[in-house]
Amino acid sequence: MGKLIPLQKLIDLDELQAIQNSFASTVGTSSVIFSPEGVPITYFSNPTGFCSLIQSTDEGKKRCFQCFMRMSRKALKLKEPKILYCFAHGGHFVAPIIIEGVHKGTMFAGQFIPHDFSPEQLKDIEKLAGEINLDPGLLLEKARNMRVVEEDVVWNYSALLLHIVGVLAKLGAQKAGLRRGKDELQKARDELEIRVQERTAELKQGIIERKEAEMTVRKERDTAQRYLDISGVMFVVINSDRKVRLINRKGCEILGYREEDIIGEDWFGNFLPERIRDEVIGAFESLMAGDVESGEYHENPVLTKSGNERVISWHNCILRDEEGNIQGTLGSGEDITGRKQAEEELKKTNQELEKAVDLARQMATRAEAANIAKSEFLANMSHEIRTPMNAVIGFTDMLLDSDLNDSQIDYAETIRSSGNALLSVINDVLDFSKIEAGEMDFEKIDFDPELLVYDVCELTHPRIGTKPVEILCRIGNNLPSHVRGDPGRFRQVLINLMGNSCKFTESGEIELSLDVEEEKDDWVKLHAAIRDTGIGVPKDKLSAIFLPFQQADGSTTRKYGGTGLGLSICKKISKLMAGDVWAESRAPVNQQVPGSIFHFTAWFKKAEDKKVRRFTSVSLSNKKALIIDDNQTNLDILIHLLESVGMRVVALGNGADVVPTLRNALESGDPFDSCIIDIHMPGMSGYEVVKQIRNPQTSIQGFQSTINNQQSSIQSLPVLALSSLMERDAKKCGEAGFDGFLSKPIRRKKLYKMLERMIGKRKVEGKKDKAIKEKIITQYSVREEMKRSARILLAEDNPVNQKLTKMMLTKAGYQVEVADNGKEAFEKYTSSPENFDLIFMDIQMPEMDGFAATREIRKQSTINNHQSSIKRVPIVAMTAHSMKGDREKCIEAGMDDYITKPIKRELVFKILEKWVFRKGFNEF
Amino acid sequence: MNFKELAENLGLEEDEYLELIDLFVEVGKTDLDKLQSGIDDGNAEDVAKSAHSLKGASGNLGLMEFFQIAKEIEEKGRNGQLEGTAEAAQALKERLKAVAEFSRNA
Chain R
1 MGKLIPLQKL IDLDELQAIQ NSFASTVGTS SVIFSPEGVP ITYFSNPTGF
51 CSLIQSTDEG KKRCFQCFMR MSRKALKLKE PKILYCFAHG GHFVAPIIIE
101 GVHKGTMFAG QFIPHDFSPE QLKDIEKLAG EINLDPGLLL EKARNMRVVE
151 EDVVWNYSAL LLHIVGVLAK LGAQKAGLRR GKDELQKARD ELEIRVQERT
201 AELKQGIIER KEAEMTVRKE RDTAQRYLDI SGVMFVVINS DRKVRLINRK
251 GCEILGYREE DIIGEDWFGN FLPERIRDEV IGAFESLMAG DVESGEYHEN
301 PVLTKSGNER VISWHNCILR DEEGNIQGTL GSGEDITGRK QAEEELKKTN
351 QELEKAVDLA RQMATRAEAA NIAKSEFLAN MSHEIRTPMN AVIGFTDMLL
401 DSDLNDSQID YAETIRSSGN ALLSVINDVL DFSKIEAGEM DFEKIDFDPE
451 LLVYDVCELT HPRIGTKPVE ILCRIGNNLP SHVRGDPGRF RQVLINLMGN
501 SCKFTESGEI ELSLDVEEEK DDWVKLHAAI RDTGIGVPKD KLSAIFLPFQ
551 QADGSTTRKY GGTGLGLSIC KKISKLMAGD VWAESRAPVN QQVPGSIFHF
601 TAWFKKAEDK KVRRFTSVSL SNKKALIIDD NQTNLDILIH LLESVGMRVV
651 ALGNGADVVP TLRNALESGD PFDSCIIDIH MPGMSGYEVV KQIRNPQTSI
701 QGFQSTINNQ QSSIQSLPVL ALSSLMERDA KKCGEAGFDG FLSKPIRRKK
751 LYKMLERMIG KRKVEGKKDK AIKEKIITQY SVREEMKRSA RILLAEDNPV
801 NQKLTKMMLT KAGYQVEVAD NGKEAFEKYT SSPENFDLIF MDIQMPEMDG
851 FAATREIRKQ STINNHQSSI KRVPIVAMTA HSMKGDREKC IEAGMDDYIT
901 KPIKRELVFK ILEKWVFRKG FNEF
Chain F
1 MNFKELAENL GLEEDEYLEL IDLFVEVGKT DLDKLQSGID DGNAEDVAKS
51 AHSLKGASGN LGLMEFFQIA KEIEEKGRNG QLEGTAEAAQ ALKERLKAVA
101 EFSRNA
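Chain order of the listed sequences is R and F. Position 299 of the first sequence, counted from 1, bears residue number 299 in our numbering, the numbering being contiguous throughout. Position 43 of the second sequence, counted from 1, bears residue number 43 in our numbering, the numbering being contiguous throughout.
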């Protein structure tokens, strides 16, 4: 029965369409029914803009229908409904309609997505648009408006719809069965009249069945009506004449009218606010004209009986009669007034917030500007104060060099130390304002961190005064001999932290240790720790002390003084060097020694090993110097400093006179040995002056002389730069042609060392090509070269110890020559004594032990002493452990000192400083 | 024996340290032979000398147990008392072997 009859013959399609439409309008879900051959047998009810657009091109429609068929086959295989996703990522409830075991068609409901399209899906859709000849932008816009519904919700609605379709189809099948029975009856009447009675009875039976079927249909309709009534969504059918044909209970509730007051009334004239009426009518008319299949989702208010407005979110679609003529629209609407109000309020709050943020931003900008102005002012002030301070300190130094009685010395020293203290406060303030203004810059020069640490310890020493405090220094064995960075800043932090420890330590010790913490490619992270046995820092103040203008507590400032800027500057400098400064503290509990450890880390670039050059120093006595500075005070200080080591000084206040003065001196046969120029001068700056000196034209121009000795020519004159500014621009000075650079206030020892170094270098180099420009000398490189130039003879027989010691010394940057026994050491040294600055001598050795070798060396030099000027070489014994009497034996044999094995780097340096550097360079 | 740590203590790279260890093993064998013949001949001065050399090298390399034993032998040699030195020398031989083994596998 009914096996060959297609679904469209079984079901009243209009009825089916009406049910589909009412579903669409209440839940917004579209539906369509396809024949098993893949042809739609009902219209798409309320299709989404997205799907309609895809189906609007031939290619899109083809793909869409092919996909529907695929999904249909899939669902058929399962013999049950399933939610499937199509090629455009849309979701569909796909249900095969099976009547009496035969597949009659497939229902598709949905056109939904459970979540907004993902970015990947949107990318797919964009691609799809190109393939089906659509504007990607348009399709993406529709995709973004795609209806989002949960799968469960779609499933429930669709299952109900499917049930209704199933019932309708079953009824249809029964009806069809009846029609066929009627045909057979007709045939039978023609053939066999005698069976009329039977046929009549059969017919009667058919009438009963039909009535039953009609009853069932009515029942189903009642169910649909009930469904509409309990819906939480407004539901309105408007005829093409704009009159309301149907409204559900929710609709009446929203509008505040009874159903009979609405039905038959003009919808637009009565239930919409006047201001939007024309626009909505326009949209309605274009629906009626069939321009579009369904209205877009939109929000419009309705006018209630009490005169208020409610905002409704609408879904509209067209209703057609059997012939497909448009009859009106069916709209479902949700009351979103509450949600809208909330949105409005949120918007308002957001606007207020934005206003507040704007105001805050303006205030911040103003505050920042004020802060920069303050920092600039501080920087200027500091500079203005520094200039007279130079004079105060310089003249106090001069005063101290003159004949004074004890109390006068005391007064002058107080002035000097107070001046230095004031200078350091000013430096702090200047640094702080520089950091605040973001103007602190860092140099990149190679320096020896080991030497720098010794330097810091040495400089810190005077700050202890008479307190029983010992300063210790520890150098990690892994410390590279050179790193590249800003030695000035590194030193500044160390000095500050050490100074801090000195201030707060009354007795005990302060230890500065430096080691490598981490290495990465070309970079090395150094870690300095300053441990003291001072008063310590309370745990809760450990981080506050690094804030500007803060000390552990207010009374500290009164008792110990200080700006409270030092640690904050240290912290900031460390951060700018990619490191940190922090503190830990031990409280004085359980009889533990209290104290603090301050840590400082910073990253440096690894430096290449430098070539070793021999350092030759000369006496400054009777050397001639030309000094140029526009400031008479500075000139007076310089004259005093230079004359006190026996130099002859000519002072100029103006850069323009420099070259003529140099030329005159050369012509008169008493040329200058060195020149010191202030960088910052009005008129001709120091840079310009040195450029003029270095210019070959200047040197030769108008100067016809038989003296063609390069050594005394103006061009190769050693020139030292001086600056009272905080600029430590060594690089710029080097490029301009300076040989050395010193910053004010001048430390006299440094000045002397640099002059010795420069004049000595010139002497050695002689006619060397000036194009091979030497690196500029800074206060750091002088000591470094001293260290690198130290050559050590190592006498050690044990191959293991020999190799280990040589490795260590070489790593630290010294030059090492090895002798396997005392005899070899003696031979090596006596054959070229000028090649060695120091001998490390093992005691127990075969052939000739350390004592014997030392005695031989001493004997030999006494013999030669009257003919050569070779100075006495320091010999230092290396002993495994200090045995009683060893020291006496060493001294007796002619040794100068001894060192315990295994050798430590810092000890080696101390020995060298004591026996080589001090002797060689502190003689002036 | 953690060579890496010992190397770090001396400020050396591990392979530099291993080079020193190999040298130590080589020189140590000769010293140990000398020590043994000194003990066999009852020559206290030779015993002290060779033990001194072993002590110095091992101490520098941070091999403290080896150092301790060599130090005791040296002191006994200096005092002319060789009792127990044969056993101690045997202990040094074993330790040197262990160091050699360790270095090979490092």
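Bear in mind the hints are in silico, worked out from the structure with no lab data behind them. One or more hints might be untrue.
[Stated by the list, open to error] With beta-carbon atoms standing in for the labels, derived distance ranges:
id	chain 1	residue 1	chain 2	residue 2	range
1	R	900	F	37	55 to 63 Å
2	R	515	F	84	25 to 33 Å
3	F	72	R	515	32 to 40 Å
4	R	584	F	37	52 to 60 Å
5	F	87	R	472	38 to 46 Å
6	F	37	R	830	32 to 40 Å
7	R	364	F	4	51 to 59 Å
8	F	87	R	830	45 to 53 Å
9	F	4	R	467	24 to 32 Å
In this text, a Cβ means the ideal position worked out from N, Cα and C, and glycines have one as well.
If I claimed the Cβ atoms of residue 72 of chain F and residue 515 of chain R lie 32 to 40 Å apart, would that claim hold in this structure?
34 Å, holds
Go ahead and decide if the range 52 to 60 Å is satisfied by the Cβ distance of residue 584 of chain R to residue 37 of chain F.
57 Å, holds
C-beta pair residue 900 of chain R, residue 37 of chain F: status relative to the range 55 to 63 Å that was hinted
31 Å, violated
At the C-beta level, are residue 515 of chain R and residue 84 of chain F separated by a distance inside 25 to 33 Å?
Distance hint for residue 515 of chain R, residue 84 of chain F is violated at roughly 42 Å.
Starting from the hint 38 to 46 Å, judge whether the C-beta atoms of residue 87 of chain F and residue 472 of chain R obey it.
42 Å, holds
Is 32 to 40 Å a correct range for the gap between the Cβ atoms of residue 37 of chain F and residue 830 of chain R?
36 Å, holds
I want to verify a distance hint. Is the separation of the beta carbons of residue 364 of chain R and residue 4 of chain F within 51 to 59 Å?
52 Å, holds
C-beta pair residue 87 of chain F, residue 830 of chain R: status relative to the range 45 to 53 Å that was hinted
46 Å, holds
Looking only at beta-carbon atoms, does the pair residue 4 of chain F, residue 467 of chain R fall within the given range of 24 to 32 Å?
Hint violated: Cβ distance 42 Å, outside 24 to 32 Å.
This entry does not satisfy hints 1, 2 and 9, going by the numbered hints stated previously.
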